[in-house]
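Got chain A; can you put chain B on it based on the hints?
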Amino acid sequence: MSILVNKDTKVIVQGFTGKEGSFHAEQCLAYGTKIVGGVTPNKGGSEHLGKPVFNTVKEAVQATGATVSMIFVPPVFVADAVMEAADAGIELAVIITEGAPVRDMQAAKAYATKHNMKTIGPNCPGIITAEECKIGIMPGMIFKKGNVGLISKSGTLTYEGANQVCKEGFGISTAVGIGGDPIIGLSYKQLLPLFEADPETHAIVMIGEIGGDLEIQAAAFIKEHITKPVVAFIAGQTAPKGKRMGHAGAIVSGGAGTAAEKMAALEAAGVKVVVSPADIGKAVAEALAK
Amino acid sequence: MNIHEYQAKQIFAKYGVPTPKGLMAESVEQAVANAKELGGPIWVVKAQIHAGGRGLGGGVKLARSIEEVEKLSKEILGMTLVTHQTGPEGKLVQKLYIEDGADIKDELYLGVVLDRAREMPVIMASTEGGMAIEDVAHDSPEKIIKIAVDPAIGFQGFHGRELVFGLGITDPAEQKKFISFASKLYKLYMENDAEMIEINPLVKTGSGDFLALDGKMGFDDSALGRHPDIEAMRDISEEDADEREAGEHGLSYVSLDGEIGCMVNGAGLAMGTMDTINYMGGTPANFLDVGGKANAETVAKGFEIILKNPKVKAIFVNIFGGIVRCDRIANGILEATKLVDVHVPVIVRLDGTNAPEAAEILRNANIANVIAATDLADGAAKAVAAAKQAK
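Taken in sequence, the protein lines are chains A and B.
Residues in the first sequence are numbered consecutively from 6, following this note's numbering.
Residues in the second sequence are numbered consecutively from 576, following this note's numbering.
It should be emphasised that the hints constitute simulated quantities derived from the structure, not laboratory data.
Think of the CB as a built atom: it goes at the ideal place given N, C-alpha and C, for glycine as much as any other residue.
Some hints here could point you the wrong way.
With the C-beta cut set under 8 Å, the calculated list includes, among others, these residues of chain B facing chain A [what the hints assert, rightly or not]: (1) Leu689; (2) Arg691; (3) Gly847; (4) Asn853; (5) Gly856; (6) Phe895; (7) Gly927.
With a straight-line Cα cutoff of 16 Å, these simulated EDC-like cross-link-like pairs (lysine to aspartate or glutamate) come out [stated by the list, open to error]: (8) A:Lys150 / A:Glu64; (9) A:Lys172 / B:Asp784; (10) A:Lys150 / A:Glu173; (11) A:Lys119 / B:Asp953; (12) A:Lys119 / B:Glu694; (13) A:Lys233 / A:Glu205; (14) A:Lys56 / A:Asp85; (15) A:Lys287 / B:Asp950; (16) A:Lys287 / B:Glu694; (17) A:Lys172 / B:Asp725; (18) B:Lys791 / B:Asp810.
Looking at chain A on its own, in the form it has when it is part of the complex:
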């Protein structure tokens, strides 16, 4: 078991033949992901990395039965690609591209929701079910199979957290990098119940950031609905107010969305909150030893 994706998940790649798309699709194939083809307009009928290339997502879905799309197209084409995937009946779009305009994502997300398509990202490392299916750009080798679910806004903190969990002798069921943009797809609140329902997941690591209120919403949800132990870290405790720290989401303003507020809300919900990301692994080990 795992959440959202596993070894049988059929995946297509939008932006398949581009530089980034090619490099990462090859890495995913090497990891064992069932990539069944890709989409690049005007290259339909050809083959790339030993898989068929289609002109449209619709053709790709009809020919391969793919249910998930990994999106690598350039930023200004992201919204178009997401809406095309939704229109073609894709169930989950994993959007890796960084720098998609916010207005575009508003429209794309609304359209995806209308078509019951889930999205992850944009500007994220993707999703990985350890030793089964990697859809994204994370270094696969650090994700050993195990019983810890991970949700993170930050890409590199996903790796940091997973690596520590594995070094403590545990492993990852599924890890999801949700991205830190102002408009994102699946968030903590939608992913937590999936981990709660997954018998293979025994504990959950949640990595957040300053800015927005997704972690506050998550805290309220955890209090009501989550029985499994949750370990959390919020990045940006030392970030000065009003300064933007790389991610569009990581900006504190007007007193809302500070690390302190989020940490307090999570602690009040019974979450084990660590002050340094270096303590994530240890905290997970302690939670699972109980």
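Using the frame of chain A, we list chain B on its own:
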């Protein structure tokens, strides 16, 4: 990206959002000429900097004669204006906006921002114009009206009615004017990929007209490519020189007050690294995200920017390689030591893709000053210790 008030008002004018007449000046002579052209009898001399709170800081003053315009322009141009948004160091005033004085009857607030929870723009309005909206939100949140507008349907009549009734505007002619004002503002927010617009105050004049007395706009950096006219409004003198230089090399840099320079990949890990340094008793000197496409050149640039800060006593390089391969970072560190005089200890933690190769590269290079760390905690501890030793 942010723009000046006078530029925001140029955009307002293009969309028919009413503003007082005004002209930008970069010298006292120009300010006086502008005042003469506007005609008076009352002018407002306004400092143009990218920060709010200019009035309270002494950067906005009323003039009742051309002589007074000249006197105030001399005072304000070239002053360092300190407001609650500039930080204690303040901002140098290099541009003025000379504007017609308005007949103010009421002061309102109107803004448009993205509501992340609803994933659509929200129009915010308040009768408490002229005050810091943060304070209004804190002290009397019921005085802020929030109307979310779904871009799929755009600004509709009911949005307008909710606004005017919420603000207590009862005169039908005034209602019509305000609704038109708000709908134009929403339109220009959407069409220009704005991140936020704030008009504080928006005034009602004695004759029942609504005027944008102030105007603040920020834009989505990711969308600037399709707005060359907006991008042309960039005023680089308003941006931190080091932050801008870093940006030109694909690095995201923010300077802070501490002693330990940080070079990290990914915004989250970069903040997490700062938090860990702080937790271990040290102080971070900066936030620096080398991004996903780091190479020897960009990393060397990162060192150069970090080392410009004389407070830096040690540098912590913390890389977890996903897209960024660690061997590239290792080569960057070697390159940097050739290009820049790295006179402080550099603690290096490289993990992830090609970490063993990276360790090999650093070992073979055998550079003094470079200290290897095994993980985040180890690296942060060593950096804190090195900075303390350097004192």
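Each hint tested on the structure:
Among the interface hints, the one on Leu689 (chain B) holds; its C-beta lies about 6 Å from the nearest C-beta in chain A, closer than the 8 Å criterion. Among the interface hints, the one on Arg691 (chain B) holds; its C-beta lies about 5 Å from the nearest C-beta in chain A, closer than the 8 Å criterion. The restraint placing Gly847 (chain B) at the interface with chain A holds, with a minimum CB-CB distance near 4 Å, inside the 8 Å limit. At a threshold of 8 Å, the smallest CB-CB gap from Asn853 (chain B) to chain A is about 5 Å, leaving the interface hint in force.
The beta carbon of Gly856 (chain B) comes no nearer than 12 Å to any beta carbon in chain A, farther than 8 Å, and the hint placing it at the interface is violated. Taken as an interface hint, Phe895 (chain B) checks out: its beta carbon lies about 5 Å from the nearest beta carbon of chain A, inside 8 Å. The beta carbon of Gly927 (chain B) comes within 5 Å of a beta carbon in chain A, closer than 8 Å, and the hint placing it at the interface holds. Note on Lys150 (chain A) and Glu64 (chain A): the hinted pairing is violated, with a Cα-Cα distance of about 34 Å set against a maximum of 16 Å.
Taken as a hint, the Lys172 (chain A) and Asp784 (chain B) pair is broken in the structure, with Cα atoms around 67 Å apart against an allowance of 16 Å. Simply put, Lys150 (chain A) and Glu173 (chain A) have alpha-carbon atoms about 13 Å apart, close enough for the 16 Å limit, and the pair holds. A distance of roughly 48 Å separates the Cα atoms of Lys119 (chain A) and Asp953 (chain B); the hinted pair therefore is violated under the 16 Å criterion. Taking the CA atoms of Lys119 (chain A) and Glu694 (chain B), the gap is about 14 Å. The hint holds against a cut of 16 Å.
At most 16 Å may separate the alpha-carbon atoms for a hinted pair to count; Lys233 (chain A) and Glu205 (chain A) meet this at roughly 11 Å. In summary, the hint linking Lys56 (chain A) to Asp85 (chain A) is not supported, as the alpha carbons are separated by about 23 Å, beyond the 16 Å threshold. As the CA atoms of Lys287 (chain A) and Asp950 (chain B) are separated by approximately 14 Å, the hinted pair is consistent with the 16 Å bound. In summary, the hint linking Lys287 (chain A) to Glu694 (chain B) is not supported, as the alpha carbons are separated by about 36 Å, beyond the 16 Å threshold.
Between Lys172 (chain A) and Asp725 (chain B) the CA atoms are separated by roughly 47 Å; this puts the pair beyond 16 Å, and the hint is violated. Proximity of Lys791 (chain B) to Asp810 (chain B) is assessed by CA-CA distance (about 14 Å); at most 16 Å being required, the pair is judged to hold.
Hints 5, 8, 9, 11, 14, 16, 17, counting from the list given before, are not met by this structure.
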